[in-house]
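There are 2 protein chains.
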Amino acid sequence: MEVKNLLAAQSGGPTTAINASLAGVIAGGLQSGNVGTVYGAVHGIEGVLNEQIEDIGGLDLELLKQTPAAYLGSCRNKLPEADEDPAVYERIFQVFAAYNIGYFIYIGGNDSMDTVSKLAMYAERKHIDIAIIGVPKTIDNDLEFTDHTPGFGSAAKYIATTVSEIAQDARVYFLKSVTIVEIMGRHAGWLTAAAALGRNADNAAPHLIYLPEVVFSRTAFVRDIREQFEKGIHNVVVAVSEGIRDEAGQFICDSASAALDAFGHKMLSGAGKVLEHLVANEIGCKVRSIELNVPQRCAGHLRSKTDVEEAFAIGRAGARAAASGETGKMMAFARVSQKPYEIRIVSAPVGQIANREKTVPPEYIDGRHDVTAAMLDYLTPLIQGEVDVQFRDGLPVHLYRK
Amino acid sequence: MEVKNLLAAQSGGPTTAINASLAGVIAGGLQSGNVGTVYGAVHGIEGVLNEQIEDIGGLDLELLKQTPAAYLGSCRNKLPEADEDPAVYERIFQVFAAYNIGYFIYIGGNDSMDTVSKLAMYAERKHIDIAIIGVPKTIDNDLEFTDHTPGFGSAAKYIATTVSEIAQDARVYFLKSVTIVEIMGRHAGWLTAAAALGRNADNAAPHLIYLPEVVFSRTAFVRDIREQFEKGIHNVVVAVSEGIRDEAGQFICDSASAALDAFGHKMLSGAGKVLEHLVANEIGCKVRSIELNVPQRCAGHLRSKTDVEEAFAIGRAGARAAASGETGKMMAFARVSQKPYEIRIVSAPVGQIANREKTVPPEYIDGRHDVTAAMLDYLTPLIQGEVDVQFRDGLPVHLYRK
Chain A
28 MEVKNLLAAQ SGGPTTAINA SLAGVIAGGL QSGNVGTVYG AVHGIEGVLN
78 EQIEDIGGLD LELLKQTPAA YLGSCRNKLP EADEDPAVYE RIFQVFAAYN
128 IGYFIYIGGN DSMDTVSKLA MYAERKHIDI AIIGVPKTID NDLEFTDHTP
178 GFGSAAKYIA TTVSEIAQDA RVYFLKSVTI VEIMGRHAGW LTAAAALGRN
228 ADNAAPHLIY LPEVVFSRTA FVRDIREQFE KGIHNVVVAV SEGIRDEAGQ
278 FICDSASAAL DAFGHKMLSG AGKVLEHLVA NEIGCKVRSI ELNVPQRCAG
328 HLRSKTDVEE AFAIGRAGAR AAASGETGKM MAFARVSQKP YEIRIVSAPV
378 GQIANREKTV PPEYIDGRHD VTAAMLDYLT PLIQGEVDVQ FRDGLPVHLY
428 RK
Chain B
28 MEVKNLLAAQ SGGPTTAINA SLAGVIAGGL QSGNVGTVYG AVHGIEGVLN
78 EQIEDIGGLD LELLKQTPAA YLGSCRNKLP EADEDPAVYE RIFQVFAAYN
128 IGYFIYIGGN DSMDTVSKLA MYAERKHIDI AIIGVPKTID NDLEFTDHTP
178 GFGSAAKYIA TTVSEIAQDA RVYFLKSVTI VEIMGRHAGW LTAAAALGRN
228 ADNAAPHLIY LPEVVFSRTA FVRDIREQFE KGIHNVVVAV SEGIRDEAGQ
278 FICDSASAAL DAFGHKMLSG AGKVLEHLVA NEIGCKVRSI ELNVPQRCAG
328 HLRSKTDVEE AFAIGRAGAR AAASGETGKM MAFARVSQKP YEIRIVSAPV
378 GQIANREKTV PPEYIDGRHD VTAAMLDYLT PLIQGEVDVQ FRDGLPVHLY
428 RK
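If you read the sequences in order, they're chains A and B. Just so you know, the numbering used here puts the end of the first sequence at 429, numbered straight through with nothing missing. Just so you know, the numbering used here puts the end of the second sequence at 429, numbered straight through with nothing missing.
Don't read these hints as lab results, they were simulated from the structure. Some clues are possibly wrong.
If several chains are the same, the list does not tell them apart, and a pair holds so long as it fits within one copy or across any two.
Distance condition first, Cα-Cα at most 16 Å in a straight line; then the derived EDC-like pairs of lysine to aspartate or glutamate [claimed, not checked]:
| # | residue 1 | residue 2 |
| --- | --- | --- |
| 1 | Lys332 | Asp420 |
| 2 | Lys385 | Glu111 |
| 3 | Lys366 | Asp420 |
| 4 | Lys366 | Asp174 |
| 5 | Lys332 | Glu111 |
| 6 | Lys366 | Asp404 |
| 7 | Lys385 | Asp281 |
| 8 | Lys366 | Asp415 |
| 9 | Lys385 | Glu309 |
| 10 | Lys332 | Asp141 |
| 11 | Lys429 | Asp229 |
| 12 | Lys332 | Asp281 |
| 13 | Lys313 | Asp138 |
| 14 | Lys313 | Glu369 |
| 15 | Lys313 | Glu336 |
| 16 | Lys385 | Glu171 |
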């Protein structure tokens, strides 16, 4: 078999495991007998179009693994259909040819799998000999055909840890209080559900959990809080998805319609902030909201060992699959056993995966404001294990592209 | 010497090291020959007034040390002057007598040192034989007469780490962007300054740092951002104190005066949110704000080993000082050597410390939007070392009061 080069790129929002997948792709490529140089394209498919391509075979893989966000940079570029704009495709495959690329690995989420699908179809139609493989990543865990996504377990561990720490903070005063933690996930509640992992025999927080899959009622929410107080819970902790919507389908975060900034422009608030005001106005107790924000997807100092190892393994498997001639596939996890937890890495035709969203199914949702034991069984293995992070001068060491 | 009991309590806002100080007080008390039982009062001085007192001598000190926030609970109770309301003092000392308390250790910030001062003066005036000692804590680092405060180093490490991770996240897209990180510290900029620790040879973020000690100008701020763009920095990261104020002395966070919520009430935003809107309106580039919020004071999973060990040591020293008859003092750190870093634990009359605030001095401030090398020299030793946290089922183990 002719030795060809491998090109890797990253796309979509950052995670703390996407660089572990890149490290896996590099390791898998270098270990394969079929791969010559391992290249990286900077800023995803845009780096291919702009020919911003560099040799990444010599990177320190251990440092790369512990660097959060996307080492190669990312993009949010949705390719046009090939028959609408053939020039884009011609340009991409021209660059592939110039670098003698036989294997292209795209690490990303939903939109990135759309790119993988389109490129693979184009190559097939034009009889271009290149293997194109997608490696999933997203903290949102909303990809079909995979048991879970690399990056999700670490975000879940960060969220569960942080919410349990916030619950400790909320307990210190005797005063009645409500603490609302807003968690990422515009359409899928997987991350918000992960807050439930912080509960234990001594800690019932978060007491209320609102997923975007369940219609949110302001009236019921205020009643839910009052019920917690009546049950004798003084410091109510609420986990709420940024994407909750009311009976009319309107995002709660879009509903602060009277709020204008000093320029007269609409002041967009998160769902947590809107609910904070609701509690202040309707109940009048001490209330605060905390938006966990981007640290959910970039807190590299606290990651799940299971997640990071799986992210590396699926990247390596992607490179190997490409090197053995597979194309138009997304690598995926299949859970072969729950206890003990065991996964197998498989591949699925990427066309069936792209542009779909896996939301939380009904059997994982308990009523209006909780998750089921089945959800916890599903989530628990994904946050197991801690990663030894290399520190220098008191801070985690990151790898920076020059 | 007669064996008497020791009573400890915690007060003010939580930190991730205040329980390490409590562990130190317990260890110091138990190791002293003069102390019988070690008690804890629940919710600070209010726990004394309400006689909510429990034996804490048997706690698992290792778990206690890694539990964030205040294990015993806290309060924000400012004692009246003894001549205005003698009944409060009579009640407190009645409870002390009932439990045969010879040593009272109060772990807290500014207001708590006021309590220590008042109780010690009262005891002296009434010739009551009880040693009353203050042990400092606050993430804000704003106490006088101590080189730094226990709890600050861990918060500084968390902030520097998180800002450096956010900077990685900000770099992934090619698009020009501004990321504003709002950091705690209403009057003192120590925590905001700590964001500068995340800089290194490969990373200049945060590019702009605004402390509450420096008058904040909206016009200059917009110009500062534009200058960064002109210098070729695409992804500008800004660290800003929640307490910045404009030329008129008004808090920036109070200035979104046109913002009303759905109830017609004023919508309070953080300084970061206000500046986000300013950038959106004046520059029009991609901009987001991130409020680090309470995790700054409760993220027990990421702490400075130096801070935690010092917090334990100063708690133990407080118990020992009390046991040897010192009273009316706050324990403090004196930095005896910078390189190698070395501190000594001393004590100072608490009356000189209470109700004062130590803000960042001019020699640590570099112009309008940076800190000096001297500030970094001061800060660096405080974040050194990592704490091995005990995890169970993927999450840090905390101690909970039943």
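Evaluation of the provided hints:
1. Lys332 with Asp420: Between copies only: 12 Å across, 23 Å inside.
2. Lys385 with Glu111: neither (29 Å within a copy, 65 Å between copies)
3. Lys366 with Asp420: Cα proximity of Lys366 and Asp420: across copies only (14 Å, versus 41 Å in one copy).
4. Lys366 with Asp174: For Lys366 and Asp174, only the intra-copy Cα distance (15 Å) is at most 16 Å; the inter-copy one is 52 Å.
5. Lys332 with Glu111: The answer is neither: 44 Å in one copy and 59 Å across copies each exceed 16 Å.
6. Lys366 with Asp404: within (9 Å within a copy, 51 Å between copies)
7. Lys385 with Asp281: neither (23 Å within a copy, 41 Å between copies)
8. Lys366 with Asp415: neither (25 Å within a copy, 28 Å between copies)
9. Lys385 with Glu309: For Lys385 and Glu309, the Cα distance exceeds 16 Å both inside one copy (35 Å) and across copies (39 Å).
10. Lys332 with Asp141: Intra 29 Å, inter 46 Å, cutoff 16 Å: neither.
11. Lys429 with Asp229: Between. Shortest inter-copy distance 8 Å satisfies the 16 Å Cα cut-off; intra-copy 48 Å does not.
12. Lys332 with Asp281: Cα proximity of Lys332 and Asp281: none, with 37 Å in one copy and 43 Å across.
13. Lys313 with Asp138: So Lys313 and Asp138 fail the 16 Å test inside a copy (42 Å) and across (21 Å) alike.
14. Lys313 with Glu369: neither (45 Å within a copy, 42 Å between copies)
15. Lys313 with Glu336: neither (42 Å within a copy, 34 Å between copies)
16. Lys385 with Glu171: Within one copy, since 5 Å is at most 16 Å while 55 Å is not.
Hint compliance for this structure: hints 2, 5, 7, 8, 9, 10, 12, 13, 14, 15 are broken, all remaining hints hold.
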